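Note that the working numbering has the sequence shown beginning at 1, numbered continuously upward.
Treat the hints loosely; a few may be bogus.
[Stated by the list, open to error] Computed Cβ-Cβ distance ranges for the label pairs, DEER-style:
no., residue 1, residue 2, range
1, Lys104, Ser9, 42 to 52 Å
2, Pro128, Asp81, 14 to 24 Å
3, Gly137, Thr87, 21 to 31 Å
4, Lys41, Asn19, 19 to 29 Å
5, Asn10, Arg115, 40 to 50 Å
Calculated directly from the structure, the hints in this document are not laboratory data. Here the structure is a predicted model, which means the values were calculated and not measured. For each residue, glycine too, the CB sits at the ideal point set by N, CA and C.
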Amino acid sequence: MEKITIDWSNDMLFTTTVNNFEIKLDAAPEHGGSDSGARPKPLMLVALAGCTGMDVASLARKMRVEMRSLAIDVLAEKSEDMPVVYTSFEVIYRFEAEEADRDKIIKMVVNSQERYCGVSAMMAKIAPVTYKIFLNGAQIK
């Protein structure tokens with residue numbers, strides 16, 4: 001079982017340590033915070049991007065895909081009613097790599113999304129998760 005502890009510092013500022021790294025969470029000034037830390041909900045998007053990104057990086061190594069760069073955007077729609085929740089997620093992968101690796105890149109992302117990424121699997125229980133893949137600026141899936 002995993003466990004985290006979050007400690008209140010003051011106002012809306014909280015601090016936690018995850019894998020020996022300190023993370024601060026805070027609210028915007030209009031919500032009583034001092035804007036000195038991340039907001040909780042966007043960290044869910046960071047977890048999704050990080051999980052699938054690590055899968056893809058590992059698969060690229062195994063499949064001998066030379067990535068010059070990889071950027072992952074996660075877009076999330078939010079409800080208008082309280083509590084405000086995410087209603088959909090879209091993951092956009094932006095690769096710079098050899099065109100010859102196109103099929104391998106698609107396979108890496110599909111395997112991450114459908115087989116390996118536990119965060120994506122959990123998010124899919126909350127709301128739909130879709131994805132797009134771009135290679136050298138052109139959408140390939």
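Now for the hints, and whether the structure bears them out:
1. Lys104 x Ser9: 42 to 52 Å: holds, 46 Å
2. Pro128 x Asp81: 14 to 24 Å: holds, 18 Å
3. Gly137 x Thr87: 21 to 31 Å: holds, 29 Å
4. Lys41 x Asn19: 19 to 29 Å: holds, 21 Å
5. Asn10 x Arg115: 40 to 50 Å: The hint (40 to 50 Å, Cβ to Cβ) holds, given that Asn10 and Arg115 are roughly 43 Å apart.
Checked against the numbered hints above, the structure breaks none of them.
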